[in-house]
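K.L.:
Model the full structure from these sequences, guided by the hints.
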Amino acid sequence: MKILIADDELISRKMLEGVLTGWGYEVSIAQDGVEALHALRGENPPEIAILDWVMPGLEGSQICESVRKHQQGKYIYLLLVTAKACSEDIVRGLQAGADDYLIKPFDLLELQARLIAGRRVLDLQEQLIASRELLRHQAARDSLTGAWNYRGIMEIMHRELSRSRREVRPLGVILADIDHFKRINGAFGHLAGDAVLQQVARRMTTTMRPYDHIGRYGGEEFLMVLPGSDEAGTATFGERVRARLAEEPVHHADKTIPVTMSLGAVVYAPPRPVEIHTLLHAADAALYRAKNGGRNRIEMGSLAE
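Residues 687 to 991 (our numbering) make up the sequence shown, in order.
Worth double-checking, as some hints may not be accurate.
Pair ranges (Cβ atoms, derived) [to be verified]:
#: 1; residue 1: Ala803; residue 2: His967; range: 30 to 40 Å
#: 2; residue 1: Pro959; residue 2: Gly905; range: 28 to 38 Å
#: 3; residue 1: Arg818; residue 2: Ala955; range: 33 to 43 Å
#: 4; residue 1: Gly759; residue 2: Leu821; range: 11 to 21 Å
#: 5; residue 1: Asp880; residue 2: Glu961; range: 27 to 37 Å
#: 6; residue 1: Gly905; residue 2: Ala939; range: 53 to 63 Å
#: 7; residue 1: Glu712; residue 2: Ala799; range: 18 to 28 Å
#: 8; residue 1: Ile789; residue 2: Ser829; range: 47 to 57 Å
No lab work stands behind these hints: they were computed from the structure. This structure is a prediction, so every number in the text was calculated from the model and none was measured. Even for Gly, the Cβ is constructed at its ideal location relative to N, Cα and C.
P.N.:
Right under this line is the structure:
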């Protein structure tokens, strides 16, 4: 774990550096408040900072206040070291953003205990962030297929369309629909229909590149977003998905279920502006043609539609 020592007194810095290194911490040094604040706002800040209250440039309490006001990314645990023993000063330091304090001269065992407490706080913070990310991820996933749900895939499409404009790279979009899915449900039952949806999503996912995206658009429809894919690449990918599904039936319980899919694709080529609903309308029109043309096929659409 990385710790920053910010103290303008050389002897204090050296003593504390030796102790913390002996305890297994990775130590960095700041000789004044400005240097300390620069380190705390850097690209790879420490997890814990031990800040002397009185330093040239900026006081420890000012550093705490600035860090808390502008903090982004991981939480930094701030330990304020002070010779100010009155309660008003301690309260002021904590209100400025310090997590804890030590009054000089302090016992090394007390310092060690406070650092252990700080590590507990940081560990809990990491667990909280991980739990929040898991919940966010789950909220954007379709519970049946594991693909992105409608909200998740639409957020991705917004993001990828913006990136396509910014980087002037094409963006492929495919709307796909399982052929005669209602017949599958009617003939084999809804559990078999669920198995078909799961297998279709799995096969499409294994066909995609790592940076492609697939979401359940609604019912038996799926939306695929293909960053950097031009018209030829999008058509080739769509045909590969179609063939992958048609070549092998879905097996559920003792049933063998033939599955095919119709696909409608469109490609956005920047820099001309386009709205998401325009892309989806063009892909949907191409999907409609694929269904009317006999199903189990891909049709390429145009933004002129």
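K.L.:
Against this structure, judge whether each hint is valid.
P.N.:
Comparing the hints with the structure gives:
The hint said 30 to 40 Å for the Cβ distance between Ala803 and His967, and at roughly 58 Å that hint is violated. Taking the beta carbon of each, Pro959 and Gly905 are about 31 Å apart, inside 28 to 38 Å as hinted. Look at Arg818 against Ala955: about 37 Å separates their beta carbons, and that is inside 33 to 43 Å. At about 19 Å, the beta-carbon gap between Gly759 and Leu821 stays in the expected band of 11 to 21 Å.
For the hinted restraint 27 to 37 Å between Asp880 and Glu961, the CB-CB distance of approximately 34 Å keeps it satisfied. For the hinted restraint 53 to 63 Å between Gly905 and Ala939, the CB-CB distance of approximately 23 Å leaves it violated. Distance hint check: the CB atoms of Glu712 and Ala799 are about 20 Å apart, consistent with the given range 18 to 28 Å. Between Ile789 and Ser829 the beta carbon distance is about 54 Å. The supplied range of 47 to 57 Å therefore holds.
Hint check: violations occur at hints 1, 6; the rest are consistent with the structure.
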